[in-house]
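K.L.:
The primary structure of each chain is shown beneath.
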Amino acid sequence: MDKNTQTEIFFGPNHPGVPGNYGINYEFEGDTVTSARANAGHLHRGFEKLMEERIWIKNTALVPRICVEEPDINEMVYAMGFEAIGEIEVPRRADYIRSIILELARIQGHIFSIGGNAAGIGQYTVMHWGTLTRDYLLDIFEEITGARVYHIYIRPGGVRQDIEDETLDKILDLMDELENERFPDLQKALFENPNAQKRWQGKAVITKEEAIEMGATGPVLRANGVPHDLRKMMPYAAYDDVEFEVPTGENGDAWDRIKIARDDMLQSIKIIRQLINKIPDGPVQADLGNGLKYKIPKGDAYVKIESKRGEYGYYMVSDGSLKPYRVHVRGASTPLGLYGVREFLPGTRIADVPVWAKSLGICPPEFDR
Amino acid sequence: MANDKKSIFSPVTAFKNLVKKPETVRYPAESNDAAKRYRGFHINDLEECIGCSTCQEVCVNDAISMVEMLDVPAEEGQRNERPQIDYGRCCWCGLCVDVCTTGSLEMSRDYSYIDLDPDTFIVTPAENDINQVEHPLGYLRDQSSDLLDLKRIEMEMLEPEERIDSFIEIVEGFSKEQAEKEASRCVECEICTETCPANMNIPQYIRGIFDDDLEESLQQIYEDNPLPEVCGRVCTHKCEGVCALSHRGEAISIRWLKRYAVDNVDSAEYKQVLGTEKIEQNNKKVAVVGAGPAGLSAAHYLSVMGYQITVYESKEKAGGMMRYGIPEYRLPYDALDKDIDYIESLGVNFVFNTRVGEDIELKELHENYDAVFAATGLHNGRSTRVPGTENNNVYQAVNLLADIARGKEVPVTKRLVVIGGGNVAMDIARSMARIQKDKYGEVDITVTSLETEDIMPADQEEIDEAREEGIVFKPGRGPKEIEINEDGSLAHLCTNCCVSVFDEDMNFNPTYDNSDIENYECDMVIEAIGQGGDNSYIDDQFEIEYAGPRIKINDYSQTSVNWLFAGGDIARGPDVINAIKTGHDAAVGIDKYLNDSLK
Amino acid sequence: MRNEKDLLQLMNAHFEPLKLEIKRKQNVSVEFKKEELIQALSFLKSHSYRHLSTISCVDWPEEGEFELVYHLFSYDDLINISLKTRIKRDPGIFQTAKEIWPVAEFYERDIHDFFGVKFKGNDNLEELILENWQEIPPMRKDFDTRKFVNDKYEWRDYNGQKHTD
Numbered sequence: 001m002d003k004n005t006q007t008e009i010f011f012g013p014n015h016p017g018v019p020g021n022y023g024i025n026y027e028f029e030g031d032t033v034t035s036a037r038a039n040a041g042h043l044h045r046g047f048e049k050l051m052e053e054r055i056w057i058k059n060t061a062l063v064p065r066i067c068v069e070e071p072d073i074n075e076m077v078y079a080m081g082f083e084a085i086g087e088i089e090v091p092r093r094a095d096y097i098r099s100i101i102l103e104l105a106r107i108q109g110h111i112f113s114i115g116g117n118a119a120g121i122g123q124y125t126v127m128h129w130g131t132l133t134r135d136y137l138l139d140i141f142e143e144i145t146g147a148r149v150y151h152i153y154i155r156p157g158g159v160r161q162d163i164e165d166e167t168l169d170k171i172l173d174l175m176d177e178l179e180n181e182r183f184p185d186l187q188k189a190l191f192e193n194p195n196a197q198k199r200w201q202g203k204a205v206i207t208k209e210e211a212i213e214m215g216a217t218g219p220v221l222r223a224n225g226v227p228h229d230l231r232k233m234m235p236y237a238a239y240d241d242v243e244f245e246v247p248t249g250e251n252g253d254a255w256d257r258i259k260i261a262r263d264d265m266l267q268s269i270k271i272i273r274q275l276i277n278k279i280p281d282g283p284v285q286a287d288l289g290n291g292l293k294y295k296i297p298k299g300d301a302y303v304k305i306e307s308k309r310g311e312y313g314y315y316m317v318s319d320g321s322l323k324p325y326r327v328h329v330r331g332a333s334t335p336l337g338l339y340g341v342r343e344f345l346p347g348t349r350i351a352d353v354p355v356w357a358k359s360l361g362i363c364p365p366e367f368d369r
Numbered sequence: 001m002a003n004d005k006k007s008i009f010s011p012v013t014a015f016k017n018l019v020k021k022p023e024t025v026r027y028p029a030e031s032n033d034a035a036k037r038y039r040g041f042h043i044n045d046l047e048e049c050i051g052c053s054t055c056q057e058v059c060v061n062d063a064i065s066m067v068e069m070l071d072v073p074a075e076e077g078q079r080n081e082r083p084q085i086d087y088g089r090c091c092w093c094g095l096c097v098d099v100c101t102t103g104s105l106e107m108s109r110d111y112s113y114i115d116l117d118p119d120t121f122i123v124t125p126a127e128n129d130i131n132q133v134e135h136p137l138g139y140l141r142d143q144s145s146d147l148l149d150l151k152r153i154e155m156e157m158l159e160p161e162e163r164i165d166s167f168i169e170i171v172e173g174f175s176k177e178q179a180e181k182e183a184s185r186c187v188e189c190e191i192c193t194e195t196c197p198a199n200m201n202i203p204q205y206i207r208g209i210f211d212d213d214l215e216e217s218l219q220q221i222y223e224d225n226p227l228p229e230v231c232g233r234v235c236t237h238k239c240e241g242v243c244a245l246s247h248r249g250e251a252i253s254i255r256w257l258k259r260y261a262v263d264n265v266d267s268a269e270y271k272q273v274l275g276t277e278k279i280e281q282n283n284k285k286v287a288v289v290g291a292g293p294a295g296l297s298a299a300h301y302l303s304v305m306g307y308q309i310t311v312y313e314s315k316e317k318a319g320g321m322m323r324y325g326i327p328e329y330r331l332p333y334d335a336l337d338k339d340i341d342y343i344e345s346l347g348v349n350f351v352f353n354t355r356v357g358e359d360i361e362l363k364e365l366h367e368n369y370d371a372v373f374a375a376t377g378l379h380n381g382r383s384t385r386v387p388g389t390e391n392n393n394v395y396q397a398v399n400l401l402a403d404i405a406r407g408k409e410v411p412v413t414k415r416l417v418v419i420g421g422g423n424v425a426m427d428i429a430r431s432m433a434r435i436q437k438d439k440y441g442e443v444d445i446t447v448t449s450l451e452t453e454d455i456m457p458a459d460q461e462e463i464d465e466a467r468e469e470g471i472v473f474k475p476g477r478g479p480k481e482i483e484i485n486e487d488g489s490l491a492h493l494c495t496n497c498c499v500s501v502f503d504e505d506m507n508f509n510p511t512y513d514n515s516d517i518e519n520y521e522c523d524m525v526i527e528a529i530g531q532g533g534d535n536s537y538i539d540d541q542f543e544i545e546y547a548g549p550r551i552k553i554n555d556y557s558q559t560s561v562n563w564l565f566a567g568g569d570i571a572r573g574p575d576v577i578n579a580i581k582t583g584h585d586a587a588v589g590i591d592k593y594l595n596d597s598l599k
Numbered sequence: 001m002r003n004e005k006d007l008l009q010l011m012n013a014h015f016e017p018l019k020l021e022i023k024r025k026q027n028v029s030v031e032f033k034k035e036e037l038i039q040a041l042s043f044l045k046s047h048s049y050r051h052l053s054t055i056s057c058v059d060w061p062e063e064g065e066f067e068l069v070y071h072l073f074s075y076d077d078l079i080n081i082s083l084k085t086r087i088k089r090d091p092g093i094f095q096t097a098k099e100i101w102p103v104a105e106f107y108e109r110d111i112h113d114f115f116g117v118k119f120k121g122n123d124n125l126e127e128l129i130l131e132n133w134q135e136i137p138p139m140r141k142d143f144d145t146r147k148f149v150n151d152k153y154e155w156r157d158y159n160g161q162k163h164t165d
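Residue numbers (UniProt numbering), protein chains in the order written: chain A, 1 to 369; chain B, 1 to 599; chain C, 1 to 165.
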């Protein structure tokens with residue numbers, strides 16, 4: 001090939017086509033990627049180090065900031081790690097509230113990223129709708145937790161405050177509205193749009209074998225027909241009390257993954273309705289004593305839960321002091337954002353790079369933490 | 001959801017939005033109010049806030065710093081500092097609200113502030129938030145989100161029926177588990193340190209208990225207090241009165257924690273832990289008059305500094321009021337001896353049964369020693385001097401208590417009246433109750449005091465426990481006369497109603513209502529209305545200044561005679577911990593004086 | 001489908017683990033001698049533990065050791081197993097696992113960045129997150145964050161007040 005047709009492009013770290021402050025360095029031949037290299041590090045905030053220097057309770061305000069897309073997931077994994085090492089029993093009502101929060105967060109995250117995906121192929125209307133719909137969910141969060149994005153609500157031992165019945169009713173109303181009004185619009189505007197289907201079908205394929213080999217989980221794996229979901233495989237919070245299906249795809253492509261996101265939201269609505277119907281009364285926070293002196297025994301735990309993009313895990317070590325000795329964050333998209341970029345991007349055409357990056361749910365802050 | 005058919009007409013449905021009302025809020029024409037729980041800008045009730053700095057402690061981003069506020073008075077139990085928040089750092093997590101000890105810090109629903117000057121983003125929250133506009137309250141701490149542990153661990157005590165017939169110690173003390181849990185409640189604000197008369201390192205020794213490092217606790221305690229076994233039991237614990245936690249919950253059991261720490265270090269290890277195995281001597285000699293808490297405290301700190309100490313004590317054992325005043329059920333002799341034995345092991349020389357002024361003159365001490373510390377205390381009971389007090393069946397509480405401590409048999413009758421509302425009155429009433437129970441099988445003791453129960457100087461817990469033991473209280477009564485039968489035995493104590501104890505200037509000046517008379521039948525009366533001292537051993541030979549009834553001392557417990565230092569009740573009352581402080585001050589002062597840095 | 005006990009038995013039968021522990025339901029942890037760890041990884045991979053969640057590193061300066069923890073998961077057994085081993089802090093060299101899981105290359109690079117551990121067989125240990133890092137690796141316990149910040153950055157003066165640390 002003629003050397004003149006080879007181009008090197010720096011994509012990001014500030015580019016609407018990549019999610020977050022993260023760069024990918026490409027080489028192209030014509031408009032086809034021949035090599036790609038993840039260029040992370042623009043977003044490094046040193047969270048793991050910061051956490052080692054702060055007492056347990058302070059870190060609850062830190063963890064949600066690790067990943068903008070999934071703040072509640074981070075709060076939950078952190079709390080679970082603390083509870084696993086300290087062998088702390090969480091009140092059942094708190095388990096239910098946690099599940100409600102996590103499912104609301106899942107819908108919020110999916111609707112946002114479907115919008116982002118749509119923007120990646122030029123469907124900006126849908127992106128605005130996504131942002132708008134998310135805002136109604138954020139209103140609910142604001143009512144439950146006092147904040148819109150970083151809730152600092154799930155705490156070791158339970159949740160910060162109880163949900164009022166009035167708010168539960170509002171959630172149910174919003175779920176109806178999503179199901180009956182907003183999702184049908186989305187369906188028509190995006191999923192039935194021949195243009196969108198064409199842009200996504202057969203693109204950014206990752207097979208089951210490839211996914212398992214690199215440790216990709218969530219929609220990336222499920223798009224290949226395997227219903228692997230930690231909510232079912234290792235139930236946490238109140239997921240063992242609800243019935244739901246794990247949506248899967250067939251072809252392992254971007255189209256399947258986006259459809260999984262959509263179907264996941266419908267399952268979440270189903271889960272939330274069940275949870276609200278069955279939520280028990282009782283306290284929402286275990287008695288852990290003085291917040292400045294949380295102390296758990298020496299020990300370690302790897303805890304993981306199903307984020308909207310798959311396995312989100314923390315490896316936490318306690319040396320019996322007032323601060324965590326080590327917290328290691330394993331973000332859902334870590335293998336994809338670093339390894340996947342190099343292995344699977346080559347061969348993609350330049351216009352499909354955003355399809356690739358966004359449909360795989362790459363969130364740089366969680367590996368560049 | 002519907003199957004994913006393909007139709008180029010499907011997206012056209014979006015056009016229906018052209019005729020719909022926009023969902024965007026038209027700000028500022030339309031207001032966009034935050035939710036009820038919204039974590040907005042901070043507001044702080046400056047009156048309620050005590051400047052404990054716990055919010056600063058919990059702040060994730062170091063956004064909070066404490067600034068001195070000149071218009072807020074520095075009162076007992078609070079600092080004149082208030083939190084200042086840097087909104088360039090704040091992340092609105094609200095942990096400061098969850099941890100606020102007084103509940104003064106709250107959040108409004110206000111969320112928008114714009115200014116070109118970055119300096120304006122640093123504010124000291126007050127009644128209004130950063131925008132200086134009144135906004136409805138936002139996020140409020142509730143029971144689930146509260147980060148403080150407001151309930152104290154109950155101290156186990158002997159039941160009244162178990163304790164009433166013996167002098168066994170009532171308070172059982174914490175177990176390791178209880179102590180660590182109680183210690184974990186501390187927020188380490190150090191408000192208590194400022195209030196403690198001896199400025200003990202309270203949060204530090206509590207932290208030692210929490211960390212299961214009792215040696216650290218012991219070291220911290222001995223910094224300011226060489227009688228912790230005593231103070232761990234009978235201290236008036238002013239610290240607990242100002243504990244930051246007491247604003248919304250129960251104060252930390254500081255006194256019992258101190259007791260736990262010292263009870264659980266073996267006295268054989270004291271020297272090694274406290275680093276006093278080998279003390280370099282400096283060949284200077286100091287005499288201490290009186291082996292009470294002040295004298296022992298001075299002796300301890302001086303001998304740790306290398307001075308040769310001789311303590312002159314008129315009684316047969318050391319301890320002063322701690323031994324001869326406080327009953328064994330509150331302070332067992334073993335505990336007292338543990339503290340004293342350690343001080344003695346430092347090389348302090350005790351001369352017992354020697355009264356300065358009688359057996360040896362102060363002048364001689366002045367000649368033979370480099371400095372003298374006088375702490376002879378108040379051992380002479382005062383009398384009400386109402387008619388009848390000269391009768392043989394009227395006794396002084398301090399004398400009886402001392403005899404009980406010596407193991408002597410004390411007179412006791414079936415019906416007893418105690419006059420007085422302080423802790424000494426409680427001590428004698430409760431001691432006599434035990435002896436009565438032992439001798440007659442039942443308790444019949446009435447305590448009368450001028451003060452009504454709300455202003456009685458005795459500790460509330462003493463009053464409650466006395467009541468549990470069957471003692472009857474008649475507060476607000478003034479003794480008028482003790483009526484005596486013809487055979488010389490007592491008939492009854494005649495009292496009138498005490499209308500007020502203090503006058504408008506808060507001076508002691510009781511007024512009585514003589515139309516309200518009550519008689520309490522009794523065959524023995526014990527007076528416990530206060531004690532006086534006898535400083536003639538000083539006054540006869542040296543001229544020293546007084547401040548009211550007490551000897552005037554400076555910050556180093558130095559009297560107007562430069563080689564003479566004084567402490568304890570003769571210089572500053574009223575309790576053990578104040579005595580310890582004056583003794584410690586004197587030790588520092590004498591050291592300075594003998595090294596020429598104090599005149 | 002194995003349960004937690006079966007898994008530990010399997011480990012005991014094939015290796016000489018230093019410590020076996022059922023942490024909680026569906027979670028076990030096994031400590032190996034460093035010579036056995038890579039073998040154990042490939043053994044487990046061929047026994048359905050095909051999912052490598054991540055590799056964690058913990059610094060234990062008092063013992064002079066780094067602890068490496070490999071988190072594996074089996075979609076058949078539904079058990080999470082954490083394989084641990086300790087290596088000397090100095091020189092801090094271990095074997096790569098990238099022959100077993102190619103993705104491990106990146107986890108190892110991350111650990112190399114933050115702890116300075118080298119992985120034999122992984123040639124591509126160039127900086128992943130950090131750039132032109134001159135200090136000791138930042139996640140080591142002896143790296144002083146505050147000192148680094150004070151040396152590297154200037155504090156802003158607020159209201160004319162100098163920042164005091």
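Keep in mind that the hints were calculated from the coordinates and are not lab data.
Please read all numbers here as calculations on a predicted model, not as lab measurements.
Any given hint might turn out to be false.
Per the computed footprint, the stretches of chain C lying under chain A, defined by three or more beta-carbons under 8 Å from a beta-carbon of chain A, are [unchecked claim]: (1) 44-52; (2) 92-104; (3) 119-130.
The C-beta atom is built at its ideal place from N, Cα and C for all residues, glycine as well.
K.L.:
It remains to establish, for every hint, whether it holds in the given structure.
P.N.:
Quick rundown of the hints versus the structure:
no., hint, in the structure
1, 44-52, "holds (count 3)"
2, 92-104, "holds (count 3)"
3, 119-130, "holds (count 4)"
Of the numbered hints listed earlier, not one is contradicted by the structure.
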